[in-house]
Each structure stands twice: as C-alpha cells, then as structure tokens.
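Novice: Could you build the full structure based on these sequences and the hints that come with them?
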Amino acid sequence: MEAKDAAAQKAPSKITVANIITDGDKGTATVTFVGGDQGGATGPVTVVKENREWRIDDLSTELLRSEYENGLKNETAIAAPVRDCIIAKGRALGDEDFRNLGYGSMGDDKAALAQLEAIVTGCQEEVAAGGTQPSGDSATVEAIRTKIETQIAASLKGSGATAAQITCVQNGVRKAITDEDIAALIAKEGKVTQLPASIVAEMKTSITACLTG
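Numbering-wise (the numbering used here), the sequence shown opens with residue 106 and increments by one.
Just so you know, these hints were derived from the structure itself, not from any lab. Glycine included, C-beta positions come from ideal geometry on N, C-alpha and C. Keep in mind that a hint or two might mislead.
30 Å max Cα-Cα, derived DSS-like pairs, lysine-lysine [what the hints assert, rightly or not]: (1) 252 / 262; (2) 262 / 131; (3) 280 / 309; (4) 178 / 309; (5) 194 / 309; (6) 194 / 262; (7) 119 / 262; (8) 280 / 215; (9) 194 / 215; (10) 309 / 262; (11) 154 / 309; (12) 178 / 252; (13) 280 / 194; (14) 154 / 115.
Pairwise CB distance ranges, derived in the manner of DEER restraints [what the hints assert, rightly or not]: (15) 306 / 222: 33 to 43 Å; (16) 214 / 289: 27 to 37 Å; (17) 127 / 255: 32 to 42 Å; (18) 234 / 158: 47 to 57 Å; (19) 124 / 184: 32 to 42 Å; (20) 313 / 229: 33 to 43 Å; (21) 216 / 166: 14 to 24 Å; (22) 222 / 316: 35 to 45 Å.
Specialist: Here you go:
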C-alpha cells in the first residue's frame, strides 16, 4: 500500500518465501517483495491449502506496515519531508485502524482511499506550513527513530534473528515509543540521550516476545 492508486502500482519482480511452517491445510510463511513499488517490504502471512495448492489467506499487520513504508520510501515523486510525515501518520495508527486502511485501500474502498488522501494532503499542508510536529522537529524525530531501529536491527541481525523477527521487533518498538513520545522528549530536554525506563522495559518485552514467540 502506498500513496497512489492500486491499479497504478508496479508489481514486484518476484516474491521470496521463507520460514514456512505448515499444520495440515494451514500454515504461515514470511514473504519479501523484490523490485516494484514496494520492493523491500517483508512480513508474515498465513496460508491455506485449497485444491492441492497453497494460497495466501491473510496478510499480517507487520507486512501491511512494511508495504506502506517501503512503498513510500520508494516513491521519489513525493518530497522526502512529506514522505516522512506520511510514514509517521501511519505509525501512529493502531493495528486495527491500520489494517482497515491497508486492506481498504488495496480493495479501492472509498473510505480508506479518502483517509489515505487526507493523510497525504494533510502532510503536504503541514510541511508547506513549516513543520509536521507540534513540538520537536519532524526530521529530528524521524532521525532519532531511524537510529533506534537501525541499532536494534543490527544487533538482532548479528545475533542471528530472522527478517520476520526483526520486523516484529521494529513494530513493537514503534508501539513502545511513538513519534509523540520522541517529540515530547526533545521538547523537554532538547535532545534524546536516554529513553525512560518504562519505555525501555516495554521494548525489552516486545523483543523477547518476538524472538521466543
């Protein structure tokens, strides 16, 4: 999912499948998009067997979020500050609301498409007005979040974590510390040198759940 009509999206050149686990006629797997508008998107899916063939039954929220963000990052026609704003707005949505937006926009649901258009238009207006955060600079917020997620991903990858586990952890981190949390820390201290203990504890819980679940 990204900020353009579904019909106009360029499909991936291929989709790789890994971490396949089956139980009878049901199972799970991790898919990764290679090429296309959403190249780099990755996450779990559930699959079912029908007429001796396996097909995707449901996309995980992790995959939907990954499609959304990679689609935007690959969209060079949108100015970087606007892309960052749209990504931040998506991260701020709860899982249920994001799934409704993701599935709805893929199915050309009018309400979902209107919501997506409102997000894009709102971000364009906010950036044009000189900012996207009520407190703290949006570019700084995004830079801090990127640094946190990159450091965690590098550490997990070095420990042998799978792509699906890393994506799971990154989504957990986004719930543990929101853009509003980062902006509030910047507004209070001028910079983020140390995360609050409560947020660190929540992040550790998420990491443990993703690596052992």
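Novice: Checking against the hints above, which ones are violated?
Specialist: Of the numbered hints, just 11 does not hold.
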